[in-house]
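K.L.:
In case you want the letters, here they are:
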Amino acid sequence: MTKSELIHALAEKQSYLAHKDVELAVKSLLEAMTMALSSGERIEIRGFGSFSLNYRPPRIGRNPRTGESVDLVGKYVPHFKPGKELRERVNATLSQQ
Amino acid sequence: MALTKAVLAERLSEEIGLNKREAKELVELFFEEIRATLESAEPVKLSGFGNFDLRDKNQRPGRNPKTGQEIPITARRVVTFRPGQKLRMRVDAKSRK
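Keeping their order, the protein sequence lines are chains A and B.
My numbering runs 6 ahead of the 1-based position in the first sequence.
My numbering runs 1104 ahead of the 1-based position in the second sequence.
In short, the hints are calculated from the structure, not lab data.
A virtual CB, placed ideally from N, CA and C, is assigned to each residue, including glycine.
Treat the hints with care, since some could be wrong.
As the list claims (entries may be wrong) - In silico SDA-like links for lysine to any residue, alpha-carbon gap of 25 Å or less: (1) A:K19 / B:S1151; (2) B:K1190 / A:K19; (3) B:K1128 / A:P64.
Stated by the list, open to error - Stretch-level coverage of chain B by chain A, calculated; a stretch enters the list once three of its residues show a Cβ under 8 Å from a Cβ in chain A: (4) 1117–1129; (5) 1162–1176; (6) 1185–1193.
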């Protein structure tokens, strides 16, 4: 499922917003989530999961083409931990198959 | 303070002009649609934000860390999140400051 398919599905499942406004809403939600993570804030959605940042310490990398070593600074990367309900529902489908 | 569904609903009602109840329902619907899609074994790809993918894990030997007793970890399906380029770049840019 892509973002536009998600927008389409949501537009069909509710009655108070036009398709265009659902599109705005989805973009606004993803923007709010991106903003939170990029300002170092966690996201906690009960039953869905939580997003946090993991730290990658500085390391010496290598340019694969030239073999030259490059100093890479430490950085933060987003991390998602699925919540209980999501874990259970996804796993239940596996055992049904 | 973590970003929660309540904060997201607040933001939607300000930006899209939904009332509190409608905004709350839409936030709930957004996460439910993603969960239901993953539950049906279909990945969700939100361009710019990231991809929620599914991985099937085989059974493997495990151990109860408290008692040391060996118990198999059953086969399961898990959700993994791979942040998109835009999200990774924005998180990285902030963490450099």
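K.L.:
At least three residues with a C-beta closer than 8 Å to a C-beta of chain A: is that true for the region 1162–1176 of chain B?
P.N.:
violated (count 0)
K.L.:
Is the Cα-Cα distance between B:K1190 and A:K19 25 Å or less?
P.N.:
violated, 29 Å
K.L.:
Would you say the region 1185–1193 of chain B counts as covered by chain A, given the rule of at least 3 residues with C-beta under 8 Å?
P.N.:
Since 5 is at least three, the answer is holds.
K.L.:
Taking only the CA atoms, is the gap from A:K19 to B:S1151 under or equal to 25 Å?
P.N.:
Given that 25 Å is the threshold and the Cα spacing comes to 22 Å, the pair holds.
K.L.:
Cut-off 8 Å, C-beta pairs, minimum 3 residues; does the coverage of the region 1117–1129 of chain B by chain A stand?
P.N.:
holds (count 5)
K.L.:
Decide if the proposed pair is consistent with the structure: B:K1128 and A:P64, CA atoms, cutoff 25 Å inclusive.
P.N.:
violated, 41 Å
Going through the hint list in order, the structure does not satisfy hints 2, 3, 5.
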